[in-house]
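Chains as they are written, first to last, in the working numbering: chain A, 1 to 288; chain B, 1 to 288.
Honestly, the hints are just simulated from the structure, not real lab data.
Note that beta-carbon positions come from the ideal geometry of N, C-alpha and C, so glycine has one too.
A hint or two may mislead.
[Claimed, not checked] Listed next, the stretches of chain B that the computed footprint assigns to chain A, with coverage defined by at least 3 CB atoms under 8 Å from CB atoms of chain A:
| # | segment |
| --- | --- |
| 1 | 29-36 |
| 2 | 132-140 |
| 3 | 150-157 |
There are 2 protein chains.
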Amino acid sequence: MLNVQDYLREKCALIDSRLERLLPSAEESPTSVHQAMRYSVFAGGKRLRPILTLAACELVGEMKEDFLDVACALEMIHTYSLIHDDLPCMDDDDFRRGKPSLHKAFTVGIAVLAGDALHALAFEILAAKAPLALVVEVAQAIGSRGMIGGQVLDLESEGKELTPHQVEYIHQHKTAFLIRTAVRAGAICGGAEEKQLAALTLYGERVGLAFQIIDDILDVRGSYEDLGKEVGADQAREKATYPKVFGLEDSREMAEKLIQEAKDSLVPFGPDTHVLSKIADFVVQRMG
Amino acid sequence: MLNVQDYLREKCALIDSRLERLLPSAEESPTSVHQAMRYSVFAGGKRLRPILTLAACELVGEMKEDFLDVACALEMIHTYSLIHDDLPCMDDDDFRRGKPSLHKAFTVGIAVLAGDALHALAFEILAAKAPLALVVEVAQAIGSRGMIGGQVLDLESEGKELTPHQVEYIHQHKTAFLIRTAVRAGAICGGAEEKQLAALTLYGERVGLAFQIIDDILDVRGSYEDLGKEVGADQAREKATYPKVFGLEDSREMAEKLIQEAKDSLVPFGPDTHVLSKIADFVVQRMG
Numbered sequence: 001m002l003n004v005q006d007y008l009r010e011k012c013a014l015i016d017s018r019l020e021r022l023l024p025s026a027e028e029s030p031t032s033v034h035q036a037m038r039y040s041v042f043a044g045g046k047r048l049r050p051i052l053t054l055a056a057c058e059l060v061g062e063m064k065e066d067f068l069d070v071a072c073a074l075e076m077i078h079t080y081s082l083i084h085d086d087l088p089c090m091d092d093d094d095f096r097r098g099k100p101s102l103h104k105a106f107t108v109g110i111a112v113l114a115g116d117a118l119h120a121l122a123f124e125i126l127a128a129k130a131p132l133a134l135v136v137e138v139a140q141a142i143g144s145r146g147m148i149g150g151q152v153l154d155l156e157s158e159g160k161e162l163t164p165h166q167v168e169y170i171h172q173h174k175t176a177f178l179i180r181t182a183v184r185a186g187a188i189c190g191g192a193e194e195k196q197l198a199a200l201t202l203y204g205e206r207v208g209l210a211f212q213i214i215d216d217i218l219d220v221r222g223s224y225e226d227l228g229k230e231v232g233a234d235q236a237r238e239k240a241t242y243p244k245v246f247g248l249e250d251s252r253e254m255a256e257k258l259i260q261e262a263k264d265s266l267v268p269f270g271p272d273t274h275v276l277s278k279i280a281d282f283v284v285q286r287m288g
Numbered sequence: 001m002l003n004v005q006d007y008l009r010e011k012c013a014l015i016d017s018r019l020e021r022l023l024p025s026a027e028e029s030p031t032s033v034h035q036a037m038r039y040s041v042f043a044g045g046k047r048l049r050p051i052l053t054l055a056a057c058e059l060v061g062e063m064k065e066d067f068l069d070v071a072c073a074l075e076m077i078h079t080y081s082l083i084h085d086d087l088p089c090m091d092d093d094d095f096r097r098g099k100p101s102l103h104k105a106f107t108v109g110i111a112v113l114a115g116d117a118l119h120a121l122a123f124e125i126l127a128a129k130a131p132l133a134l135v136v137e138v139a140q141a142i143g144s145r146g147m148i149g150g151q152v153l154d155l156e157s158e159g160k161e162l163t164p165h166q167v168e169y170i171h172q173h174k175t176a177f178l179i180r181t182a183v184r185a186g187a188i189c190g191g192a193e194e195k196q197l198a199a200l201t202l203y204g205e206r207v208g209l210a211f212q213i214i215d216d217i218l219d220v221r222g223s224y225e226d227l228g229k230e231v232g233a234d235q236a237r238e239k240a241t242y243p244k245v246f247g248l249e250d251s252r253e254m255a256e257k258l259i260q261e262a263k264d265s266l267v268p269f270g271p272d273t274h275v276l277s278k279i280a281d282f283v284v285q286r287m288g
């Protein structure tokens, strides 16, 4: 039986070494923006999105060199979104993964531009390496009808009373869409059949939403060590969170239910599904 | 003989009506970001880049419906770059084309996100409508080795003495690359032969650099009516400009020489080149 920790470590190393090659060197001019891009990309992210891409691809087909680039491009998009999300005009987070946020380590201007550069580099890689339909799908997932739309509503929700429907909408858009797309990217690259793609899409949706709910829970219950940033930041900014709208216990139950549904969607794949299933467990285990 | 003013007006109307259809409606949720995207896209831009795409395409081949979308995507990228460039952490411009900048009309947070959304929407359109190699080329032209690289050096040049080589590097990257890409996009969509593409690439480079030099000159010599924003903003921020490094008269001569070189590169095309040639004249006439 595969040890999921070993699997995650191995894939993480593979992704990191590929990101190292895909990103411009820190010595290349203009050095500030290249150093900034690397600062955030190599800030200790768990690589959940690209690992999901690789795992989904391996589940349905053969893993090829190009698909690793596609996975890395999705990690770049995730990183760009975190950089812009931390800006003073957005969540105003001074820390990220235990280190100063990019705009604190560099400047706000460089942080905006490093995010923009990662965004462009991701599409340069996707256009060169991904199936065309997937490039369109990624752009849709992160646009104003996807991730950015979620961030807009998240920003505008501060200090407001939201309905359960609204908070679910925010979490789906700002977080779950990109995670679902990462899973689908792997499935599409691997040549998934229609039913396989549908099952993996469901898996991605459930894991994606659970991941954000658990993030909310950790913001209330976690420690600085777990989060790498100040605990209670959501409450301080009166953010729309699951614990605020549903309460802590119900939020925990909802996350567990979503993870179970994600695992159930893998049943048709049989015993080969153990990696994705264990990754789902791993996500929920963060709750402690 | 074609009247270039009529040509520009006609293409402008075509581009505007297509942008109208490509952008999410102002009523679609989240309305703030969709209103913001529209506010900036319909702020009275001259549509130079998409017009160059259409004119280059018509010069070498047949104009198709899809290519209009490609042209509009380039205008969205240009708009996103202006939005981020105007931010307080960048050029801190309160006005753009005679109207409050997006971050003044909305908020800084919405301005960052609206720029990001236009960036993503542009790639959604390009991936669906442009030849694959062109999507890669656009991404390269606007990344850290292209437009963003120029903006980084521009930002970092404030208050510094730059060499002529450095200021040329900044202008080529922050402005000329996207204009060259707009011309090349049209040529590639139109199915240009190698020699045609080389000639049009040269045209785009020269017009692109001349355009930014003239912008610098207008910042010194123009009026609020010409610029739609405060005159002398570059000087106030101690920006690296051509007039500062080369003097006003030499800058003017360099712009005129570049425009002549742009027009010369069109000679092999014969009399069909009149539109692109007149657009080059039009760019230089802004100097007055």
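Hint by hint, here is what the structure shows:
Residues of the segment 29-36 of chain B with a Cβ under 8 Å from some Cβ of chain A number 5, which satisfies the need for three, so the listed coverage holds. Coverage of the segment 132-140 of chain B by chain A holds in this model, with 5 residues showing a Cβ closer than 8 Å to a Cβ of that chain against a need of three. Here the segment 150-157 of chain B counts 5 residues with a CB under 8 Å from a CB of chain A, which clears the bar of 3, and the coverage holds.
When the structure is compared with the earlier hints, no violation turns up for any of them.
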